[in-house]
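There are 2 protein chains.
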Amino acid sequence: MPHPSSDPVAQLYQGVQLTRPLLRHITAAVEAELAGTGVSVGMRAVLEALSEADTATLPDLTARLGLKRQFIHRMLAEALNIDMAEALPHPRRRNGHTYRLTRRGRATIERIRARENARLAEFLGRISADDVAPFLRVQAALNHFFLQMANGDPAAPAQESQAP
Amino acid sequence: MPHPSSDPVAQLYQGVQLTRPLLRHITAAVEAELAGTGVSVGMRAVLEALSEADTATLPDLTARLGLKRQFIHRMLAEALNIDMAEALPHPRRRNGHTYRLTRRGRATIERIRARENARLAEFLGRISADDVAPFLRVQAALNHFFLQMANGDPAAPAQESQAP
Numbered sequence: 000m001p002h003p004s005s006d007p008v009a010q011l012y013q014g015v016q017l018t019r020p021l022l023r024h025i026t027a028a029v030e031a032e033l034a035g036t037g038v039s040v041g042m043r044a045v046l047e048a049l050s051e052a053d054t055a056t057l058p059d060l061t062a063r064l065g066l067k068r069q070f071i072h073r074m075l076a077e078a079l080n081i082d083m084a085e086a087l088p089h090p091r092r093r094n095g096h097t098y099r100l101t102r103r104g105r106a107t108i109e110r111i112r113a114r115e116n117a118r119l120a121e122f123l124g125r126i127s128a129d130d131v132a133p134f135l136r137v138q139a140a141l142n143h144f145f146l147q148m149a150n151g152d153p154a155a156p157a158q159e160s161q162a163p
Numbered sequence: 000m001p002h003p004s005s006d007p008v009a010q011l012y013q014g015v016q017l018t019r020p021l022l023r024h025i026t027a028a029v030e031a032e033l034a035g036t037g038v039s040v041g042m043r044a045v046l047e048a049l050s051e052a053d054t055a056t057l058p059d060l061t062a063r064l065g066l067k068r069q070f071i072h073r074m075l076a077e078a079l080n081i082d083m084a085e086a087l088p089h090p091r092r093r094n095g096h097t098y099r100l101t102r103r104g105r106a107t108i109e110r111i112r113a114r115e116n117a118r119l120a121e122f123l124g125r126i127s128a129d130d131v132a133p134f135l136r137v138q139a140a141l142n143h144f145f146l147q148m149a150n151g152d153p154a155a156p157a158q159e160s161q162a163p
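First to last, the sequence lines map onto chains A and B. With the first letter of the first sequence counted as 1, position 32 gets the number 31 in numbering that gives the first Met the number 0; the numbers rise by one all the way through. With the first letter of the second sequence counted as 1, position 138 gets the number 137 in numbering that gives the first Met the number 0; the numbers rise by one all the way through.
For the record, the hints were derived by calculation from the structure and aren't laboratory data. Mixed in with the good hints there might be a few duds.
Said to hold, decoys possible - Which chain B residues face chain A? A few, computed with CB under 10 Å, are given here:
#1 R112
#2 R136
#3 N142
#4 F144
#5 L146
All values derive from a computational prediction rather than experimental measurement. Note that CB positions come from ideal geometry on N, CA and C, so glycine has one too.
Please model the complete structure; the sequences and the hints are all you need to start from.
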């Protein structure tokens, strides 16, 4: 990594450029942590989304996770298969389903999340505690900004500074 | 996005979780900005890497960008095709090549980068200037931490706090 610049635009660009390798490393780290649990990175994401949503349909999970519907469908099928999730009748659509964690699925994702949080607590011991809030603010503001830019609306003045 | 928590582990986790949507939005925003230039997101990355490296081989670019070799090969071929880059004989390997920007390629990537930096400067007007340095520090430290964890070496004490 190049030496940190004192120019804020260059610093910000360096931080933004770290997003792609960071996602690669996060995915690999989560995968390494899951070794031996029988849960893949994709299934972990689905279990976590179910744990936050109580019950959710396939479109709910697709919208929440921003992953391909077909991929989530496959992860759900695997989760059903190993008794981590169960299908219930859809409240409104005949032949439709909604999904929720089994007791086993809930225990599994809670154990995984607890371990991940222990890792993050370990990480926090290595940085300045004061850096966390600005990190989250900038991440949230960047998300908002690039989403606007992607939608061709970069100059809209509302909300940007309200992050997260 | 959930309400920001005051628990630093939860805040950090929120920020880390924003990495995936952020990369998606960055890519879409870069793509939107490139509309009409004839340069794709992938070629932009290769042109930028060439502009920083002066001359580079395919393995150099693959290592630098962390993208698939085959993908970079295709981007390079397109760049050669539209006179953005040129192939030179490899300094040491017969039949090998090294690549550099043409004058046109350099002008193109410089124009693209200048526009991107103008966008980032606009973004900086919407956040606190003091947030940029901690953002970069945490991004860099997270990269290091998750890479270590992915390599099964999460507890190694060296370097973590030296970021970046």
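We went through each hint and held it up to the structure:
no.	hint	result
1	R112	9 Å, holds
2	R136	6 Å, holds
3	N142	5 Å, holds
4	F144	5 Å, holds
5	L146	5 Å, holds
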